[in-house]
Amino acid sequence: MHISDWFSKKPKYAVLKPEKREIPEGLWTRCPKCLEILYNKELERNLKVCGKCGYHFKLGAWERIYQLVDNNEFYELDGNLESVDPLQFDDGIYLEKLREDKEKTGLNEAIVTGRGRIEGFESFLGVFDFGFIGGSMASVVGEKVTRLFEYGAKENLPVVIVTATGGARMYEGMLSLMQMAKTNAALNRYRKSGGLFISVLADPSTAGVMASFASQGDVIIAEPGALIGFAGPRVIEQTIKQKLPEGFQSSEFVLQHGMVDMIVERNKLKSTIGRIIRIWKKK
Amino acid sequence: MEEEIRELTPWEKVQLSRHPQRPLTIDYIENLFEDFVELHGDRLYGDDPALIGGIGIFKNRGVVVIGHNKGKNIKENVSRNFGMPHPEGYRKALRLMRLAERWHLPVISFIDTPGAYPGIGAEERGQAEAIGRNILEAFDIKTPILVVVIGEGGSGGALGIGVGDRVLMLENSIYSVISPEGCAAIIWKDSKQAEKAASALKLTAQDLLKFNIIDEIIPEPPGGAHTDIAATIRLVEESIERNLEVICNKDIETLLEERYQKVRRIGVFEEEMVPKAGVEPARSPSST
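These protein sequences, in sequence, are chains A and B.
For the first sequence, our numbering assigns the number 2 to the initial residue and increments by one for each residue that follows.
For the second sequence, our numbering assigns the number 34 to the initial residue and increments by one for each residue that follows.
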């Protein structure tokens, strides 16, 4: 089948809003950084950023989506893609892991992709969820990201992807690794169409996803205090047999080393993305 | 004898792929290319001895050659960082691929690395960016690219010079998303389970041919490539010549479209109809 055959069909817009927004259980949460006890409703209002020290808590995919899209309106795409166990990895431990993390997160996979407005601008948005097998990329995640770039190219709309990932997923072996090539191939075509790809790096963004599309944004935004890099810090420490300096691979570190355009606090993320899209559209 | 080889376990293949006497990129360069001229440096920061690059003549045809290079002994391995590139290696490779494009020469890329180096300088200088960019740009390098996995295909560090029009793999080489030891440490919290991980990861040439991730398996002499290096080199030569002939005879638009479609199809999943949606669901071009 040629790619254009597939394009000629309408992408499907399934409205699949989750039943409820994820709210942390209980009334209070302790900030892991400054240990302050935070009132959950207050933490929610503050977009899950510690009011005392500014620590950015990890967000679930839907929490992030609702922080970014206008009027809580988001049309999920390709939510019907289901992972299988192509390698038959060690007698079904992968299928078990998928089941567990589906239950834990309420998600179907490690990324939710779809379409919504950001500051009034129609956009394609993809958001990783670190809670789902470490936000790892295998066949389904790779396919969803690839399609997002294809939709973006076809409709001449911006693509925004928020990563929170440990990289390529072991359980699908080389099929996972090759998603790095597939997503970047699609990104290459999206770029040629004149598209705008904003890559938002949340905590953590590493390995196979960083070494493919996430590091290749037209504009790359890091959330404060995120771990960003290729190899995980433990692997580096084991390799070089020494402790890594404080702040190594932090957002601030990668900004200093020229790998990202800016660090943006969560309460300014949406407006910053909006401003960039506005400029891109003035042509 | 052949029976014996076919029955090697994935873990045994892992051992063979890492065998200290296994022929290296430099051996193929020395034996397959006339007038090889090594070219150094990424023009940005430094030169990476873990990734060799240069130009030469293969069967009367000018070619650009890139490849990871391990050392033949401890001393060489230290100076070549055990074939684990820094960002400079990937940037040098991209520079040479662009050179190949301008000169209308095909690229031959040899894969043999435990992985991209996980170290301080590598992170400071953007290891992820360097690999990501190579993968991205490989899709518009307007010249044929032939990839040969000759030993260890270590994850992103391999893929950084691994996108091409044909991917060939020596019979006992491996290509994996993570090392079996790393996989075992994560899943079973025990790197001694590496043998089990090697089977689970489906990292052999035979597995990867089934998944359409590679295009051809190059046979090795009985006992493995290191038992008869001259014979191995001849087998690799034959396969490179035949495959190069095919990709060099395609027009460049076709080549790039096929390069794209080849990876576009990779992935295995199910796509169910969503009864809620009022629109006919798009069918995936991917297999399941």
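These aren't lab readings, by the way, just hints derived from the structure by calculation.
Note that the structure is predicted; figures quoted are calculated from it, not measured.
Glycine is no exception: its CB is placed at the ideal position from the N, C-alpha and C atoms.
Mixed in with the good hints there might be a few duds.
To be verified - Think about it this way: if two alpha-carbon atoms lie no more than 30 Å apart in a straight line, the pair counts; the simulated DSSO-like pairs of lysine-lysine are: (1) A:105 with B:105; (2) A:242 with B:283; (3) B:222 with A:105; (4) B:222 with A:98; (5) A:103 with B:222; (6) B:175 with A:244; (7) B:105 with A:242; (8) A:271 with A:59; (9) A:34 with B:222.
Unchecked claim - Computed far set for chain A versus chain B, every beta-carbon distance over 12 Å: (10) 29; (11) 52; (12) 54; (13) 72; (14) 144; (15) 173; (16) 235; (17) 264; (18) 269.
Evaluation of the provided hints:
no.	hint	in the structure
1	A:105 with B:105	violated (49 Å)
2	A:242 with B:283	violated (49 Å)
3	B:222 with A:105	holds (22 Å)
4	B:222 with A:98	holds (16 Å)
5	A:103 with B:222	holds (23 Å)
6	B:175 with A:244	violated (44 Å)
7	B:105 with A:242	holds (24 Å)
8	A:271 with A:59	holds (17 Å)
9	A:34 with B:222	holds (27 Å)
10	29	holds (32 Å)
11	52	holds (32 Å)
12	54	holds (25 Å)
13	72	holds (20 Å)
14	144	violated (5 Å)
15	173	violated (8 Å)
16	235	violated (10 Å)
17	264	holds (17 Å)
18	269	holds (25 Å)
Consistency note: the structure conflicts with the earlier hints numbered 1, 2, 6, 14, 15, 16.
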